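Trainee: Below are the chains, spelled out letter by letter.
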Amino acid sequence: MVMGATGSKLEKALGEQFPEGERYFGLENFGNTCYCNSVLQVLYFCIPFREQLLDYYENNKIVGDAEENLLTCLTDLFSQISSQKKKTGVISPRRFVQRVKKQNELFRSYMHQDAHEFLNFLLNELVDILERESNAANASPEASSSSSSSSSEKVANGPSNPTVNGLRKDPFVTWVHDSFQGILTNETRCLRCETVTARDETFFDLSLDIEQNSSITSCLKNFSSTETLNAEDKFFCDKCCSLQEAQKRMKIKKPPSILVIHLKRFKYIEHLGRNKKLSYRVVFPMELKLMNTVEDPDTEYSLFAVVVHIGTGPNHGHYVSLVKSHNHWLYFDDETVEMIDESTMHKYFGSSQEYSSNTEHGYILFYESLGKSS
Amino acid sequence: MRPRSWKRGHGFLCFGAGVTEEDEVEESSRGSVGSSGRGEEALPDGPRPRRWRLQSRILAKFFRSVSFLTCPNRNGKETKDSSRLSDSSKTASESSTKSRDGDDNHGSAAAVFSCASSSSSPFFSSSSSSSSSSSSSASSASISRLSSAVTSGFPDPPVQKEHQKRSPPTLCSSATRAFLLVTGLAMTVFCGRLSAIMWTSSWLCLIARRFSKRETTAVKEIIEAAPAEVVLKVAAAKLRRERAEEREQKKKVLFLRPRSLDGRAAVGRRRDRSVHPVHLLPQVQPVTSKLGMHRVTSSNNTSGSTRHRKEKRLTYVLNDVDDKRHCAGINCLSVLKSAPPNGCDYLFTGSRDGTIKRWALNNNEASCSATFESHVDWVNDAVLAGNTLVSCSSDTTVKTWNSLSDGACTRTLRQHSDYVTCLAAAEKNSNIVASGGLGGEVFIWDVDAALSPVAKPVDTTEDKISNGDDGHPLSSLCCSNADNNMSIHNSQSHGYSPIPAKGHKESVYALAMNDSGTLLVSGGTEKVVRVWDPRTGSKKMKLKGHADNIRALLLDSTGRLCLSGSSDSMIRLWDLGQQRCVHCYAVHTDSVWALASTPTFTHVYSGGKDLSLYLTDLSTRESILLCTKEDPILQMALQDDSIWIATTNSSVDRFPAEVHNPQKIFQRGGSFLAGNLSFTRARASLEGSAPVPVYNKPYFTIPGNLGIVQHEILNNRRYVLTKDTAGSVKLWEITKGVVIEDHGKVSFEKKKEELFEMVSIPAWFTADTRLGCLSIHLDSPQCFSAELYAVDMNIPGAQDDVKINLAQETLRGLLAHWMTKRSQRKGSPISSNDDVATEKDVSIRNLSHSKLEVDDGAESSKSGMLPSFEFSTVSPPSIITEGSHGGPWRKKITDLDGTEDEKDLPWWCINCVLNGQLPQRENTKCSFFLLPCEGSTVPVITQGKLSAPRILRMNKVINYVMEKMVLDKPLDGGSSDATIVLGVSMTKTQVPSSGVKQSMKSWPKLMPSIDILCPISGNEFGYCSNIHMEEARRLDPQLQSGADSMMTQLIMTMVENDSYLLAIFVSVTSALPTATNMGCLGMGRGPLPLPIMRMTASMSGRSFARSCTHNRAI
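Sequence order for the protein chains is A and B.
Each residue of the first sequence is one higher than the last, beginning at 1 in the UniProt record's numbering.
Each residue of the second sequence is one higher than the last, beginning at 1 in the UniProt record's numbering.
Since the hints were derived computationally from the structure, they do not count as laboratory data.
Values in this document were obtained by computation on a predicted structure and should not be read as measured data.
Be aware that one or more of the hints could be misleading.
Under the rule of at most 25 Å between Cα atoms (straight-line distance), these lysine-lysine pairs were calculated in the PhoX-like manner [what the hints assert, rightly or not]:
1. B/Lys751 x A/Lys239
2. A/Lys248 x A/Lys267
3. A/Lys239 x B/Lys752
Stretches of chain A that chain B covers, calculated by requiring three or more beta carbons in the stretch to come under 8 Å of a beta carbon on chain B [unchecked claim]:
4. 12-25
5. 317-331
Built from N, CA and C at the ideal position, the CB exists for glycine as well.
Same shape as in the complex, but just chain A:
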C-alpha cells in the first residue's frame, strides 16, 4: 500500500511548501474504479465541499447504529484521508466503492464507467440522503431540528408529511446545493407578440457541446445560443392563442459557486451505430468569466480541478484528475500522485488532428467562484 518512493518524491518536490494539514493520498483502483477515484480526488480537494461534509457529519452524527449510506462512507473516506499521519501515500476506498456498487447497479459491473455519470449519481445521492435525514430529524420531536418554531408544526403534520416549514414540495436546499447548484432559465419569445415565457431549471453541471478548436467561452456561448422555432415546429403562444414563430434560448440565471462543466466528448455515429469519442481541442482557461448569464456577467471563476479521460474510444479508457491544491497542481492517477506544472495543462485540451498520440483530454472541468468582480 505504501508507495514509498513516490510519496517521498512528492514530499521532496514540495519540500517546505507542503501545505500544513494537507494530505495527498492516492486511491487504489479495484479494476475499473478510476472513474470513482478521479471524482473523489476532485471532491476531496474542493475545500468548501470537504469542509461542509466533515462539518455536517460532526454535527449530525446520529447515535446508535446508523444505517451506512453513501454519505457516511464518503465522510469516512475523507476523514480517513485527512487524519492520516503520513503526508502522502495510498488509501484503499474499499468500503466506499462497495457502497456505490450496492447503491447503484449501474456501477456494479466491471465495465468501464463514466465519471460524469458517477459524479451526478454521487451528488444526487448525497442530496437524497441529506433530505431524508433532515426529514427524519424534523419528524422526531426529540431530535434537534433546525428551527424551534417550525418543529411544532412538523410534529403536528406527522412524520409522513415531508413538508419543510409548512411548504409543500419545496426543494430542500442542502449544502450540496449551495455548492454545486445553479439555475438555468429557458426563455421563449414569441415573435409576434414578443412575450417572453421563462422557465427555470436547476442544474448541478452544464453539459456543453464541443467543436474542434473551440474554447469553453465559445462553447458556453453556443449553449446559450438562440434557437428558432419555426416552420413545422412553431410555438403555441398563450397570448396569441395560436402557433407562432418563436426564439428560444437558455441562460444561466444563478451561477453556482462551484461550476462544473462537462464536455460532451462523444458523438453518435449513424453509420457505425455507436458512439465515438471526440478528441477535439477545447481550450479551457484558468480564469473564466460567465457571459451568458441573465444579469450582467460579474462572476469570475478559477479552474481548480479537471477530470481527464485517457483513451481513444468512448467505452474504454482511464480517468485521472488534475487538482489544484494550494496553488500547485497535482496529478492523481489512482495510486500515483505527482506534481505537475500549470504550463503543462495545455496537453489536456485535446488534439486538433483526428488521430494523435495524445489521448488525454479534459472531460469535466471544475471552476470555483472567485466572488463577484467589480
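Keeping the supplied structure of chain A fixed, place chain B upon it in accordance with the hints.
Mentor: Relative to the frame of chain A, chain B by itself:
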C-alpha cells in the same frame, strides 16, 4: 470407455481426410464422435440432449444429402446456390441460417477437416474473412472451409455449360453413388452406426459443397464467358429485390408525405418544449430541430402529437351575436379614399378573427358595409391596389377582393408555404403588390395577371355549369363558387406565377414599396433591411444596423429614404442612395411595430409594444407622445388629418394627428429630443420623466366585440366554458352554438370546478380560440364517437331507445341551410343528369328523414332536426373546411348556396348529412363479468362473460340481474358472448333533476333492490354517483309500483383503446325496499352498507386484475 470400434472409426476418418496432424484430429474427432457415439445409451447427465440433437441432425443431414444426390432436380439447393451466386457473404449467412440445425454437424465436420485445408490456407483465410460478417460465422466459416478443403483436395471439374443448374453434374454418376452406398454400409457394419452415418454424411456434404462450389466457379466462368443470359437472370433477381425495397421505401415515403400538396396552411404542432433537466442526463441540449428553410407544403402528420389526420377537417366558428364587429385584434388598416364629390371614405380593417370589414366613414360615423370572409386564419395585412383589395393571412394564402363589393373573394393565390405576414402596394401603380412571409419568401405579383380569368375551363367547372350553377359565366369572378373551383388552378394550370425575390434566409415581417413600384424593401428576423427591384426580383442592397427583428418599414414616395422600426425599439432612417443609415431615433421604450409617415416624409408616427404613439420630427429629432393605448399598437393608417390606430383590441380608434401640419402638435410642448442610443430613451422613462400624452381619448372609436382568450371543454362534451378579454366567463353549448349562461366576471378556474360533472363522453371535437371566437373542429372518424340517448337530452317525444350521434346531428344542423338550398336547386326543372356521386340520397321533399344507423341494430327514428342542434340564423356560425379540390375556405352557414359538393366539403360530411352514413367504426363490444362480491351471499348469476355495446344503460343491467335472480331464470351455462338481454345500454349520469327514465317491466313485490355503481375512467375507480332511491321515487312515480330498485344511470362509453377499464357494481340487498344510498364512491362519503355484487368489465383481459384491487379499495 470407448469401444475399439470407435477408434477404428476415426482411423477411417483420418485416412479419408488426408490428415497431417493425427493428434488434433483424434482429439476433435474423438470429441465429436465420442459425443455422438454415446448417444445410444441413455445418459443421465447434461450433455445428453446435445448429443441427441447432434445425432438427429446428423441423421437429417445424411438423409438430406442422400436425397440430394439421388434426385437430380435440386430445387431446394438450387435457390440456395443461385442466391449464393449473387452475394457470397450473404449466401454464407443465408445458408447458415437455413441449415442452422446442421450447425453442430458442420462444426464437427469442420473440426475434422480444418487441418485438411492447411495447405490451402490463403484461400481459407480469404473465404473465412468473407463470411466473417455473418452472425453464425462458425458454420459459415465451416462451410467455406469445407469448400476450400474440397477445392484443394479435388481438381476442378471441367467447365459446365449453362444448363448445369438444371441437372446435377455428371460427376455424380451412378458409380459414385454406388460406391458411397457400399462404403456407407460397410461403415455401418464394422464401425458402428453413428460414426458411419457421420462419415457418410460428411462425405455427402463434401460432395454437395464441391458440386456447388464447382457450380459457383463454373457459373462464374460461364458469366465471364457468356455473360448475357446468366447475368441477366442474376441481375433480374437483384433488380427485383431492389425494386421491392424501393417500393417499400416509397410506401413509407408516401405514407409520410401528406395527402394534400395544395399549399395548405402550414400548421405546426404544439410542442411542449420542455428542457431536459440538466443535472440528470449527460446530454443536456434540447433537441434542436432546425428545419430552416424547409418548405412546408402542408401539415406533416408524422411529427405531430395530434392524431394522424387522414380526412379533411370540418371546423365551425361560433360567431358572436353582433357580427358587424370584429372579435379579435386588428392586424391591419387601409384607407380607401373615394372620389371627392359624393363618395365617402372607407376603412378596411383586417382582423385576427379572419375577416376583413369595410367601414363606411361618414363624418364621425362608421358603419360596417361589408365583411370579407374567406380566410381561415388571421388576416395579417391588407392593401389596396386600385380597386382591388389584396389581403394576406396566416393560412398561407393571398386573396383578392373587389373592394367595393359585398365581400366575395375573387381570387385565392396559393404561393407561400408558410404564414404570409405582410403586403406592400405601390400607391401610383395599382398593378403591383408584394407579399412576404415566414420562411423568407417574398413574391411580387402582377395583379392583373394574377386575376386574369383561367384560359381553359376544366372538367369540374363544366360539370358545375351543367349542374345548373345559376348560369354564371365562367369569366365571372365574383361568384364564390368560381373562386372555390378556380383556386386550384392558380398555381398550376393558371399559368401565372409571381416573381420571387430570393435572398432572405429567415422570415420576413415587414415590406414597403415606393409609389411607383420600382423599389421594394423587406425586413425580418435577420435584422437586415433588404432592397429589391420588384420588376425583376433582383437584390439591390442590404442595410445592416438593427439589433433585432424588423417589424415595420416605410419608403418615401421617391424611394430614396426608408424608415424602419424594429423590436430593438429603434427607428432608423436610411438613405438608399448612400446605402447607409443616416439617423437613429430612440423614441420608444419597447419594440416598434407600426410606422406611418406624413406625405412629405418629414414626420413619422410610430407605435409599438410600449402602447404609445409618438410623432417624431425626422430632421429635428423632436418627438412627442400623442397618446397611450391599453394594448400594443399593431398598425396605423392616416386619413385626412387624423390617424387610425389598430391594436390587439378589436376596436379601432381615431385620433387627431395634424397630418398636414404636424408642427402644430409640437407647439403644445411636452416633446423631447430622441437620442440615438436605445438605452437613453429607456433610461429616461425609468428616471420618471415619462412624457405626457397629448390626447387622452380618441375622437372616434369603431367598437369591437370582446374576444375569447381562454376556453375549457367541459366533461359532458357539449358545453365549453370561455373567458373573454374583459374577464367575463360564459358557458356555451356548442351543439347550438350559443351562450347559455353568462356568469360575469368570476374566476375561470373556480367556475370550471363548479361545473365539473362526473361523466365521461368521448372527445368528439377539439376547440381553439385562435380567431378570437370558439372554433370547433370535427375530424372524421373520431368525431362520430359520441352518442347519447335522446331521452337524456330532454328531447320531447323521443323514444326510449333512440340514440343520437352528436356529431351527426351537429353536422345536420350546420348544413341545414345548405340542404334546403340544395333541395331547392334539385327541385328546379333544369335537366340534370346527375352523375355526381353524392346524388343518391333522399328525395327532395323528405329532407327530414334520415336513417340513423346505430351500433346495436337497426333502430331508426324519424327525427327531424332536433332542437338541440339548431344553429342560430341570426348570428350563424361559419364553416371552415376543405374539399377535394381547392384549399380551405370559410363561409357562414347561411351563405352556403347548395352548390357545394365533395369538392368543397369533405366527403364524410356529405355522406353523413345526406345519406346518414357514418364511417365504419369497429363494433366495440365490451365484455365483462358479473361476479358476486366478496362477502356477499348473492349467488353467481352468470358464468361467462357478458358483452355490451358502446354505451350501455344501467337499467338494462339491473333488469338483467333481476331477471336472473328474482325470476330465477336458469342459466344455460352462459355462452361467453351473451349480450345482455334487451339490448343493454347505459346512459350518463345526470343530476337527479334530469329525471330517471326507465323501461322496466312490472316486478313482483319483494324484490331485491339493486344498486349499481359504476366507475368510469380506466385508472381511477369509483367515479360514479347514484340516485338516492327516494329521489328516484320522487322523480318517477312509476317507480312506486313496487319496483324497488334504484336506478343509477351512468355513462360508460367504451373507448377504442384497450386500456379502458369498467367495473360495475351491483348491489343487491335483501328483499326490503330500503333506500340504499351508496354515496358517491369517488367522493368517499361513506362505506357501502350492503354487500354488493360485483360486475366487472374490461376491454382487455389484463385489466381484470386491476379491477379486483380497485374493488377492494372500496
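Trainee: Each hint needs a verdict: does it hold in this structure or not?
Mentor: Hints versus structure:
{"no.": "1", "hint": "B/Lys751 x A/Lys239", "in the structure": "21 Å, holds"}
{"no.": "2", "hint": "A/Lys248 x A/Lys267", "in the structure": "24 Å, holds"}
{"no.": "3", "hint": "A/Lys239 x B/Lys752", "in the structure": "20 Å, holds"}
{"no.": "4", "hint": "12-25", "in the structure": "violated (count 0)"}
{"no.": "5", "hint": "317-331", "in the structure": "violated (count 0)"}
In summary, the numbered hints that this structure violates are 4 and 5.
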